[in-house]
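K.L.:
Sequence:
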Amino acid sequence: MKFLFSRTRVVFFHVISLSLSFGIITAWAGNPNNTAQQNLTLKKVTTNQEVPKTPPFLVPPPPNLNVKGYVLMDANSGAIIAEKNMNQRLQPASLTKLMTLYLAFQALKSGQIHLNDKATVSITAWRTGGSRMFLKEGSSVPIDSLIQGIIVASGNDACVTVAQYIAGTEESFTEMMNQTAQRLGMKSSHYVDSPGLPNPNHYSTAYDMAVLTRAIIKDFPEYYHFFSQKWLTYNNIKQPNRNRLLWHDNSVDGLKTGHTKAAGYCLIASTQRKGMRLISVVLGATSDSDRADDSEALLNYGFRFYHTQRLFEVYTPITQKRIWFSKEKYACFGLANPLYVTFPIGDKKNLKASIQFLEPRLEAPLNRGQSYGVINISLNRKLIATAPLIALQKYSTASLLSQIWDHITLFFEGILNKES
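Counting along the sequence shown from 1, when you hit position 398 you're at 397 in numbering that gives the first Met the number 0, and nothing is skipped either side.
Hint data in this document are derived by calculation from the structure and do not stem from the laboratory. Among the hints, a few may not be true.
What the hints assert, rightly or not - List time: in silico BS3-like cross-link candidates among lysine-lysine, alpha-carbon distance up to 27 Å:
{"hint": "1", "residue 1": "K108", "residue 2": "K260"}
{"hint": "2", "residue 1": "K83", "residue 2": "K326"}
{"hint": "3", "residue 1": "K186", "residue 2": "K273"}
{"hint": "4", "residue 1": "K117", "residue 2": "K229"}
{"hint": "5", "residue 1": "K186", "residue 2": "K217"}
Turn these sequences into a full structure, and let the hints steer you where they fit.
P.N.:
In structure tokens, the structure reads:
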């Protein structure tokens with residue numbers, strides 16, 4: 000044992016002498032990738048979108064709307080461009096149906112139900128008051144038709160029928176609505192039924208409704224086309240979509256209206272222009288025409304004075320960092336999802352990106368897709384976006400000899416850092 004220890008010590012000091020002879024230790028000591036934080040230059044980032052070359056100018060305040068609450072959100076970045084009382088709890092009326100539709104789309108996507116499935120209209124659904132699709136009790140109606148009836152005619156009877164078909168009872172479906180709201184981050188929403196009938200315990204906020212709308216757009220693009228449908232004919236009754244913006248703005252392609260005496264006139268609209276999609280939520284307008292005009296004013300304001308840009312693509316290297324005890328010397332890091340930012344037109348030059356690693360030193364193994372840091376985007380020194388920084392591949396542990404070499408390197412690096 001004593002002989003073995005002596006030979007190991009000889010090999011150890013022999014490796015050290017070789018390291019010093021070739022200057023390897025000092026080379027790593029000054030490597031900037033050993034720091035926990037890095038700054039990026041956004042000017043080097045290439046994107047598929049052209050940023051307008053408009054010179055910087057002052058952004059005016061958003062429209063002054065006579066409504067209970069509103070929010071204007073970018074669908075890609077989730078940034079709030081303008082708002083009024085966006086966190087105030089209000090009755091959402093038929094905007095509730097967006098949550099009913101979210102669960103229907105989720106059931107369709109998972110294969111739990113299908114568009115050609117036929118749901119039987121119960122007496123409870125048939126008796127539901129308010130706006131109707133005019134379903135007949137006991138009739139069997141395709142899910143496809145019921146979805147159209149919910150969106151175009153705002154059919155309460157169609158809502159209850161879908162809820163009962165998916166969950167068995169509307170009460171069970173309502174529990175699913177509230178669970179989904181919490182999962183999506185809708186912290187100020189509570190549902191009592193699927194259609195959105197007047198009830199003081201049934202409430203949401205402009206912000207929560209924007210979050211829900213964004214989730215529908217992102218999670219179920221294959222079903223989004225339903226929201227642009229202008230007419231529904233069922234049971235020999237033809238009904239128009241009450242979203243006025245669909246009729247006089249070709250860029251608007253959704254989503255839903257709502258109205259009760261307690262809620263006022265409500266409208267969630269969305270449109271995409273030049274690759275930028277905005278969501279407007281208006282709650283408590285004074286009339287049908289006002290909710291449309293107010294929504295249009297918000298959308299025009301957003302497109303005129305703001306721009307959204309995709310800064311980084313999915314699984315594309317953004318930075319690299321020295322990794323110890325690995326077969327590779329450097330690990331590449333990027334994002335699991337594209338990173339969008341929204342900013343006033345003319346303010347792009349004030350965007351700054353920085354990277355913060357969770358640990359100052361990375362050691363193998365690293366797992367592909369696991370987060371090891373964050374990338375932060377700031378505008379005029381204010382944080383506007385952040386995203387997890389993930390390893391773009393798996394980095395396995397190196398051989399024992401390579402690990403010993405790294406230990407030696409780190410040992411002398413520590414000495415040199417102390418001396419400096």
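K.L.:
State for each hint whether it applies.
P.N.:
Evaluated hints:
no. : hint        : result
1   : K108 x K260 : violated (35 Å)
2   : K83 x K326  : violated (54 Å)
3   : K186 x K273 : violated (32 Å)
4   : K117 x K229 : holds (23 Å)
5   : K186 x K217 : holds (20 Å)
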